[in-house]
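Top line first, the protein sequences correspond to chains A and B. So the first sequence is numbered by my numbering: it starts at 1 and just counts up by one. So the second sequence is numbered by my numbering: it starts at 404 and just counts up by one.
In case anyone wonders, no lab produced these hints; they're calculated from the structure. C-beta: ideal position from N, C-alpha, C; glycine also. Certain hints may be false.
Stated by the list, open to error - Okay, derived cross-link-like pairs now, EDC-like style, lysine to aspartate or glutamate, Cα gap no bigger than 16 Å in a straight line:
1. B:LYS582 with B:ASP493
2. B:LYS613 with B:ASP626
3. A:LYS128 with B:ASP527
4. A:LYS84 with A:ASP338
5. B:LYS536 with B:ASP455
6. B:LYS582 with A:GLU45
7. A:LYS263 with B:ASP527
8. A:LYS305 with A:GLU230
9. B:LYS456 with B:GLU521
10. B:LYS629 with B:ASP642
11. B:LYS456 with B:GLU624
12. B:LYS488 with B:GLU569
13. B:LYS503 with A:ASP338
14. B:LYS629 with B:ASP464
15. B:LYS582 with B:ASP598
16. B:LYS503 with A:ASP391
17. A:LYS83 with A:ASP275
18. B:LYS582 with A:ASP116
19. B:LYS582 with A:GLU39
20. A:LYS386 with A:GLU45
21. A:LYS84 with A:GLU268
Said to hold, decoys possible - Far from chain A, some chain B residues (derived; all Cβ distances over 10 Å):
22. VAL578
23. GLY583
24. GLU624
25. ASP626
Each chain is listed here by its residues.
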Amino acid sequence: MANNVCLDRACGKHSQFWTLLALGGLVMLGTLSAFFYLEHHGHIETGMNNQIVWGLPHVFAVFLIVAASGVLNVASIGSVFGKKMYKARAPLSGMLALAMLAGGLAVLVLDLGRPDRLIVAMTYYNFKSIFAWNMIFYNGFFAIVGLYLITLMDHKLKPWSKPVGLLAFLWRLALTTATGSIFGFLVARAGYNSALYAPMFIIYSFAYGLAAFLVVQSVMYKWNNIAVDERILARMKNLLAVFVAAGLYFTAVLHLTNLYFAKQWEFERFLLAGDNVYTTLFWLGQVVVGGIVPLLMLFNSNASKNPAIVFLAALLVLVGGHAQMYVTIVGGQAFPLDLFPGYAETSSFFDGVMHSYTPSIWEMMLGLGGIATAFLITTVAVRVLKFLPQDDFKEIELEAKEG
Amino acid sequence: MSEPNRPESNPENGGRRTFMVAGAAVAGSAIAPGVMLYGIAQAKPADEAVTDKTRWGMLVDTTKCNSGCTDCVTACNTENALSGKTGPQDSQWIRKVEIKNLQTGAQNSLPMMCQHCENPPCVDVCPTGASMKRADGIVLVDRHICIGCRYCMMACPYKARSFVHEPLTEQNPEVPRGKGCVESCTFCVQRVDRDEKPACVEACDKAGHKALVFGDLNNPESDVAKAVKAHASTEVRGDLRLNTGVRYQGI
Ligand code: SF4
Ligand code: SF4
Numbered sequence: 001m002a003n004n005v006c007l008d009r010a011c012g013k014h015s016q017f018w019t020l021l022a023l024g025g026l027v028m029l030g031t032l033s034a035f036f037y038l039e040h041h042g043h044i045e046t047g048m049n050n051q052i053v054w055g056l057p058h059v060f061a062v063f064l065i066v067a068a069s070g071v072l073n074v075a076s077i078g079s080v081f082g083k084k085m086y087k088a089r090a091p092l093s094g095m096l097a098l099a100m101l102a103g104g105l106a107v108l109v110l111d112l113g114r115p116d117r118l119i120v121a122m123t124y125y126n127f128k129s130i131f132a133w134n135m136i137f138y139n140g141f142f143a144i145v146g147l148y149l150i151t152l153m154d155h156k157l158k159p160w161s162k163p164v165g166l167l168a169f170l171w172r173l174a175l176t177t178a179t180g181s182i183f184g185f186l187v188a189r190a191g192y193n194s195a196l197y198a199p200m201f202i203i204y205s206f207a208y209g210l211a212a213f214l215v216v217q218s219v220m221y222k223w224n225n226i227a228v229d230e231r232i233l234a235r236m237k238n239l240l241a242v243f244v245a246a247g248l249y250f251t252a253v254l255h256l257t258n259l260y261f262a263k264q265w266e267f268e269r270f271l272l273a274g275d276n277v278y279t280t281l282f283w284l285g286q287v288v289v290g291g292i293v294p295l296l297m298l299f300n301s302n303a304s305k306n307p308a309i310v311f312l313a314a315l316l317v318l319v320g321g322h323a324q325m326y327v328t329i330v331g332g333q334a335f336p337l338d339l340f341p342g343y344a345e346t347s348s349f350f351d352g353v354m355h356s357y358t359p360s361i362w363e364m365m366l367g368l369g370g371i372a373t374a375f376l377i378t379t380v381a382v383r384v385l386k387f388l389p390q391d392d393f394k395e396i397e398l399e400a401k402e403g
Numbered sequence: 404m405s406e407p408n409r410p411e412s413n414p415e416n417g418g419r420r421t422f423m424v425a426g427a428a429v430a431g432s433a434i435a436p437g438v439m440l441y442g443i444a445q446a447k448p449a450d451e452a453v454t455d456k457t458r459w460g461m462l463v464d465t466t467k468c469n470s471g472c473t474d475c476v477t478a479c480n481t482e483n484a485l486s487g488k489t490g491p492q493d494s495q496w497i498r499k500v501e502i503k504n505l506q507t508g509a510q511n512s513l514p515m516m517c518q519h520c521e522n523p524p525c526v527d528v529c530p531t532g533a534s535m536k537r538a539d540g541i542v543l544v545d546r547h548i549c550i551g552c553r554y555c556m557m558a559c560p561y562k563a564r565s566f567v568h569e570p571l572t573e574q575n576p577e578v579p580r581g582k583g584c585v586e587s588c589t590f591c592v593q594r595v596d597r598d599e600k601p602a603c604v605e606a607c608d609k610a611g612h613k614a615l616v617f618g619d620l621n622n623p624e625s626d627v628a629k630a631v632k633a634h635a636s637t638e639v640r641g642d643l644r645l646n647t648g649v650r651y652q653g654i
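Work out the full structure: start from the sequences and follow the hints.
Put into structure tokens, the structure is as follows:
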């Protein structure tokens with residue numbers, strides 16, 4: 001079947017393709033068994049508890065969702081801003097967005113206390129809830145990006161790709177804002193009480209999305225034994241550098257403004273200079289591995305000639321992104337709620353103490369299922385449809401001359 | 404595993420049937436002798452709708468609450484069939500919090516539970532509407548609509564909610580609970596609906612501390628309304644302007 005519809009040069013590599021599928025399938029199998037295990041025994045088998053209510057699955061899920069909206073940026077730059085080089089990448093970008101969103105949402109659903117009530121979640125809406133709005137945004141995202149992919153791939157519908165692309169672009173901004181707002185709305189928690197969360201998540205999504213795109217693109221080119229054009233690589237790596245730098249800048253602004261408010265000091269000290277895993281993950285994971293090192297690599301004069309450097313830098317951005325999500329989601333909960341400012345608090349319910357969280361293998365498997373879902377969808381889609389960027393080098397040269 | 408979805412979805416009334424017990428006749432029969440009965444004057448038949456004429460509330464007098472006493476907690480566990488275990492994954496609907504003023508060293512002991520906020524963040528964030536506030540101010544989780552996403556736990560400023568981490572056995576049929584759902588203090592709605600006081604209040608009275616006064620804040624004749632009028636009391640995290648139904652005196 002795949003043989004007949006395959007338009008890609010990759011068609012030759014049967015066994016490798018099946019190996020990839022088997023690999024992804026194996027992880028998926030682990031995820032599903034973790035799901036059924038937890039469904040039977042309950043969340044008692046996870047490290048999550050009444051203090052850390054969102055754990056590792058949410059780290060993976062939110063990362064994928066945020067990156068999904070960011071990966072669509074490539075298509076937006078092409079369609080909305082008319083850049084030819086990005087236009088050639090629009091189908092791949094749209095498909096990746098759908099794959100990653102599907103992966104992220106799958107994890108969220110698998111982690112529900114009552115996943116069997118998914119239909120309830122789909123039919124009962126509390127319109128005051130930003131979470132419910134997110135579900136609407138996600139569903140709309142599937143529909144709009146799906147439509148957008150069709151307009152891109154069908155020649156007759158091509159003229160529609162611009163307006164639909166614009167809609168997709170606006171929709172994804174709204175979606176990322178909504179995702180960021182999930183945290184921004186938690187006014188009671190010291191770690192999340194900032195209006196900066198939504199814009200910061202948009203910047204993060206740009207960086208994570210483009211990084212994910214570059215990783216996939218590198219692998220696809222390598223797989224097909226094609227070299228990426230130097231000019232294309234140079235532009236994309238510069239864009240990634242801008243996004244990563246902007247992400248670092250926003251992170252700095254967030255913490256500096258927090259330091260400005262005396263009541264946030266305790267939390268900032270906990271996060272930035274504490275004796276805990278979150279401080280390590282913040283500085284080492286988010287800032288160094290996910291920010292400074294990739295920036296140095298991208299600004300290296302050899303970077304645009306050497307796709308491996310860009311690939312590695314993008315990979316590091318993804319790793320750093322997971323560290324950031326862990327710090328944001330788990331770290332934000334680990335810091336105790338201050339019910340009585342100015343008082344020391346103790347209780348049987350862990351008031352006034354740092355909450356501890358040790359993820360179990362089950363929730364790790366749930367989380368990895370998101371990546372596996374995105375991976376499987378991508379692998380199959382790239383195999384059966386034409387997603388390899390088709391660059392028109394004359395146009396790119398023209399664009400380059402225009403500046 | 405799955406329960407049938409209940410047809411009614413109106414969040415204000417949705418949980419009522421679940422929590423209600425027929426028979427107003429039993430009202431008051433379980434109340435300890437010598438204890439003031441609240442709201443008996445306007446005792447309503449059990450099939451009468453919950454209205455916003457009533458706002459259930461509580462005043463906690465921390466000067467009367469003893470450090471080390473956990474009678475309210477025990478009573479809650481018994482009434483609502485909680486295990487009473489205090490591991491990080493166990494449900495605690497009410498807990499005793501010991502606080503110490505960092506400046507003066509003054510110490511207080513007080514029970515902390517769902518504050519039955521008038522503007523409850525848990526209800527605002529709940530995607531399905533399972534978290535809901537009844538017209539009479541009691542905040543509940545509809546156990547048949549809750550999908551176990553735990554967003555309400557993230558949003559509650561008082562850490563009042565627990566997630567059921569494992570399958571439950573030996574439950575009180577009046578108090579629906581279940582694995583995979585979130586739960587919290589209900590003000591013992593099943594008792595309140597038959598004009599009894601919450602189990603914690605009854606236990607505290609029984610022990611002679613009388614630190615908890617429960618009743619209708621909207622009824623100027625009720626003990627709780629008189630008490631909040633007579634004494635200075637505060638809301639915990641009053642800065643959040645949630646207008647909690649539970650207030651504290653003496654801190
Ligand atoms: S105390 Fe928490 S659970 Fe109770 S009503 Fe307020 S926000 Fe909701
Ligand atoms: S856990 Fe249940 S009650 Fe809480 S927000 Fe989710 S669906 Fe609503």
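Those earlier numbered hints the structure runs against, lowest number first:
Violated: hints 4, 7, 10, 15, 16, 17, 20, 21, 23.
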